[in-house]
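Whole structure, please, built from the sequences with the hints as guidance.
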Amino acid sequence: MDLCSNRIESDLCTRRDMLRGLSCGFGMLGFSQLALGQGMLDGVNPLAPRATHHAATAKRVIFLFMEGAPSHVDTFDYKPELNRRDGQQGNRNRRLLGSPFQFAQHGQSGLPVSELFPNVARHADRLCVLNGMHTDIPAHAQAQVQMHTGSTQFVRPSMGSWSLYGLGTENENLPGFVALNPPRNAQNYGSAFLPAHYQGTRMDLGGRRLRQGREVEAMPNLDSSRLTRSAQREQLNLVQSLNQAALRDAGGTHEGIEGMISSYELAFRMQDTLPEVIDVANEPQSIRDLYGLDEDSTSAFGRQCLAARRMAEAGVRFIEVGFGGWDTHRNLREELTNQCTAIDRPIAGLLTDLAQRGLLEDTLVIWGGEFGRTPDAQGTDGRDHNNKGFSMWMAGGGVKGGMAYGATDPLGREAIEGRMHIHDWHATVLHMLGLNHERLTYQHAGRDFRLTDVHGEVAKEILRS
Amino acid sequence: MISFLLLPAIFESSDLRPEETEFFETHIRPVLVDHCYGCHSKDSGKSRGGLRLDTKIDLLAGGATGPAILPGDPDASLLIQAIRWEDEDYSMPPRRKLPEATIRYFEEWVRMGAPDPRVPTDVAAGEEHVDLSRGFDPKVLEHHWSFQPITDPPPPHVQDEMWPAGAIDQFILAELETAGVAPNPDADLRTRARRASLDLTGLPANPERLDALVSDQNPSAFGEYVDELLAAPAHAEHWGRHWLDVARYAESSGRENDVAYGNAWRYRDWVIDAFDQDMPFDEFITKQLAGDLLPSQNATERANNIVATGYLAIGVKGHNTRSRREFQADLIDEQIDVFSQGILGVTVACARCHDHKYDPIPQADYYAVKGIFESTDTLYGTMAGPGNRMPADLVLLPASAEISGGADLPPALRSFLERSLERSEANVERLTERLAVEGRERVNPAQIRNNRQNAENVQAVLDRYDDQGQLRASERKAMGVEDRRVPIHSRFLARGELDEPRQLVKRGVPSMLAGSALPKIDPDQSGRLELAGWIVGEENTLTARVWANRVWLHLMGRPLVETPDNFGVSGMAPSHPDLLDALATRLVELDWNTDALIREIVLSRAWGLSNHHQPNAYAEDPENILYWRSTPRRLPAESIRDSMLMASGELITSRPEGSPLSFAPGSARLAQLQTAISGPDHHRSVYLPSLRGTPPEFLAVFDAADPSFVTGARDETNVPTQALQLLNDDFVVGRSDALAQQILRTSRNEQEQIREVFRRTLGREPTPGEQRSSAAFMRDVSRLHDQDSAFESLQSTDQRQRPRVGRRSSSQLEELIDRSMREAGIPPEQSDRVRELLEADELPKMIQRQLDRLRRQGISREDQRFPDRLRRLLDAREGLAGLSSLSSSAEFRSQVAGPLDARTAAWSALAQALFASADFLYRP
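Protein sequences, first through last, are from chains H and Z.
Numbering of the first sequence is given in numbering that gives the first Met the number 0, commencing with residue 0 and proceeding in unit increments.
Numbering of the second sequence is given in numbering that gives the first Met the number 0, commencing with residue 0 and proceeding in unit increments.
Worth flagging that the hints you see were computed from the coordinates, not collected in a lab.
C-beta atoms are modelled at their ideal positions from N, C-alpha and C, and glycine is treated no differently.
Careful: at least some of the hints might be erroneous.
Claimed, not checked - To give a feel for the contact side, a few chain H residues facing chain Z, derived at Cβ under 10 Å:
1. A185
2. Q186
3. E233
4. G250
5. A266
Quick look at the structure:
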């Protein structure tokens, strides 16, 4: 009789499965009491870990979202023909612009990567570059929303919310879907009609404000500005004694009050655990170097990547890390160089760090922006928006490494081979998480909804198994 | 039933005078055939820009850029503008301009009203035609409960005849007896009174009033108290909020650019006033759908009727859509969605692309309804600018109407806007000169355009106000709708695709749902009035049920139909079908008087039951579907916030004038800024500025409705972010401070103070145990304070709420500055340095020296030679200074309290603990 009747198919999500999940997956007593509101299915915590549709190769996702759309032909899609025709007539009375950056083959696979990513290139054999990406609309805001939710038109749940809805969370002390510096529009990490506990918890950290040792509120209300922790504990004890009394008065059973009692404890713990996850002060120098925390150019993004790794380690299901500034209509040479410098070492560090901790096996790392850029020059040193063909890459989590999948035409204008629309990309990511995109549904406004609407095809070719 | 599916193939006859026909045949048709049909006709198979010119309807419906003609107004007709070659983008025919004489004939023809004998006979041959009646099973009409007429069932017989206080209780008890579940005992009078106050007004009961009520021996005392609550303005605010959830009320467009709707507040106030005046629900609905078409007694009523149609204009919109036709189609889809879900409880919008999967709503019915809204202009009033390609006017309100002028323009904001205007104008001048010298490679022409646009918009905002900062009477406008000059029919779109048009569908209401009540649509009007008439008409099986179910939900905690916005086949069936019908029938009998229905429910025993847990009943019916107890639930977000303000004595119970968002020139940016810096707003939460992109944080955390959707029933989540908010949020601490200060002022000893803080927050006396634990808490805090480990800071939180540029602050202002820097193209690695420069009280010596040198050289900021980067820096500094001056205005400062002493802080911590307790947050 749940209002928002949950339609994960019964084989995925029977009450028994979930109870089993609770008893096996969680050693922690009390998690089942962490009742998170009325979205509960038959009284079971909606965030408890759930059985997948099929065996998963990835347990979690780190999505490095490049807001503003990086140029594919200057980074991961090598276009010798474009270089040859540099200066010749292109589209819309513009001249073709060969890439000013050198490409070289890397690793055993010989994957071409531009000189902008010297450190990431060392991981070439781990990367699966998707060169056949395409999306519907060449405008930032719409394309970003489509990339995150599948729809440009309607308010729909984001990919992270669907993942959390499908899989539940593995850490009782942290939110299951965290968005670090996401695009401003909350749709990009929102749960739309999915119950609110699947929403991404947005945190703005590691950005510019942190750089001079300034404190920053990564999440509002994570600390009391008035009471010390010990005084707050006294205060919370009083609150809880009042709550216990209210619970007794209510006859000993009251889902809301019981939920409140546990969520106060979680919140109180989060005040200490979350900053710990976010704070990188105690990392050894080797790790600081790995992520480039002490370099001005890399410290901001490095810190976010490190926080993402810590969250992944701590069991957060879906972590998005945003980095803007890729809209290189002008000053391509300089800006793209700066942009790539800022992320190259941190990303390489993240991949190394995940691998050395054995986490890369089941963590899917994704890199990319909302679309790509034109082979035609804008002015003499810029590129315009291009939604018809662009590149992303994936690593870890069961994806094949050292592989370029799909291709654009010789100029990089349009995806012609291994074409992957955003819906296909969503289907593929869900597949790696063990979820069938056609069966992960939720009923709303009289019909079943999916992340992929009525589209989506899993790119089997890029899967290791 | 089937007969309604067969749509008439022939529409209104043309009735042209012979000379009109002749004019058309001589001067117009040959030109269309020779020069236009090639790209814009069915025969050519082309409809470039979405436009076809086959019939008059096609001309009226228009293409991507809007209607091709406005009969009677050649200058405003796109077709005429195009053939005049006025705009280089729309010069038609594209190769060679028509002779001047021909153009004049077209102008004359439009001036005549565009008489056109080409009546669509439709039902064209071949693949164009779609069989509109295909594949639909009409049986669902006979089987599904909500499509059956509303009955008036007699109350059932019950065994315990003494229990029911009225018919409602008989329906409830009969089901309980059948299931063998005993109802809980009645809640005590005090609890019921507290509950009534929260349910009816959203505010906690006044403790003194409670004392008086409880000591009153008169058996009618509770009924009188309920009447008192129903008459209170707070009742209209609380129940108005319920409707605003259903009406997806917000003050901006949402979607990617979140354009501000500076006049949405008029609709908000209208809804609240309607509840305050006990407006019958049928009238309430009719006015929102067609108030502009209703007769009115005077200018004020006329103005209010127009404001009511704001319902159709305030929805989510993507103002950056490139195609007007697409924008229009989405806007209409949203209108159809909001009224069909919100009022009828069916999802008509599901039929945009195909027949409804479950309900008797053929796709053709969607286009029949669409025709009604396509014959309507929606005026939502936004200005063009970056991110907004779809500006629109507002509806002008009669000048003599006695209505609010909205918020006055604060002087600080005026000077901020004036500075913005000056800067934009200066930028235009400077950049234009530079463009001429340096060329497009160095200077982006878009920057000039944006600056010019901004200057125009800001100027337009300033022009609305007189010297005293009051809105000029000529500027009193509302969001709303108007009929188009000539109503049209909508084209059926195969798969809902704009480029797959099929035959015209005569506009009308959903034919199968209407059955024999199908109204005739006035050929000269849009049909909204007829739509409203059918919706509130006697034969409509949905409207009264849907509203009765919503009323029941807000009082009883769970609805009879668990899917309050979906009464269709895919929705849930009612738990008590007879009770639902009895309530719907009663509502109509009571002349659709919502308050009268509320009163009957609140005076039932079912509403007044205790909410205590009973193991036996719980085992039988854990979800309380049978209503054996009062359903336990948390207060709505607004009530939590308002109750804190009430307890601390800070609630401003009057209505604010207008909305701070009124001053936003189009984009929501300034609106956000204005909201962020306007300081603590202690009005009731329903009046808080509501932007879809940045909803009030405090409310959002407690599951306030997301205004992108029709929200009949809110979520009730229980997440740690709520706990963190109650423990640490500045607003909560601030209210606790204020309450503590008052307690200490008014009460003598600790015991009395504890009593008072309980009464103010929880509306009751503390139990002896609570007395003890509260006293113990105060001792613990004092002990910790003596050890110097109780307080991090004794600064008042209101002081910290004041946005301070440059220090640790989570305010929106901070975000906005960041975003502005990003958009100004300041690279992240430089932004820290730039921020410091901006925020420093004094400019660094190096820069100061540079400025001095420039001054000595006689180079002013207006000078070409003045370094660009330095100019940008100084501009930004002044912008920030403007913000600071706003936030430090006297009005704002007066609300900020100073630091506290340790004793007050300890009392504040106690008050906060009570705010954070289940007793405070849950309905009794």
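Verification of the hints:
Hint status for A185 (chain H): holds, given a least beta-carbon distance of 7 Å to chain Z, under 10 Å. Proximity of Q186 (chain H) to chain Z holds as hinted, the smallest CB-CB distance being about 8 Å (cut-off 10 Å). Given the 10 Å rule on beta carbons, the hint for E233 (chain H) holds: about 5 Å separates it from the nearest Cβ of chain Z. With a least beta-carbon distance of about 3 Å to chain Z, the hint placing G250 (chain H) at the interface is held under the 10 Å criterion.
With 10 Å as the threshold, the beta carbon of A266 (chain H) comes within range of chain Z, its nearest partner Cβ sitting at about 4 Å, so the hint holds.
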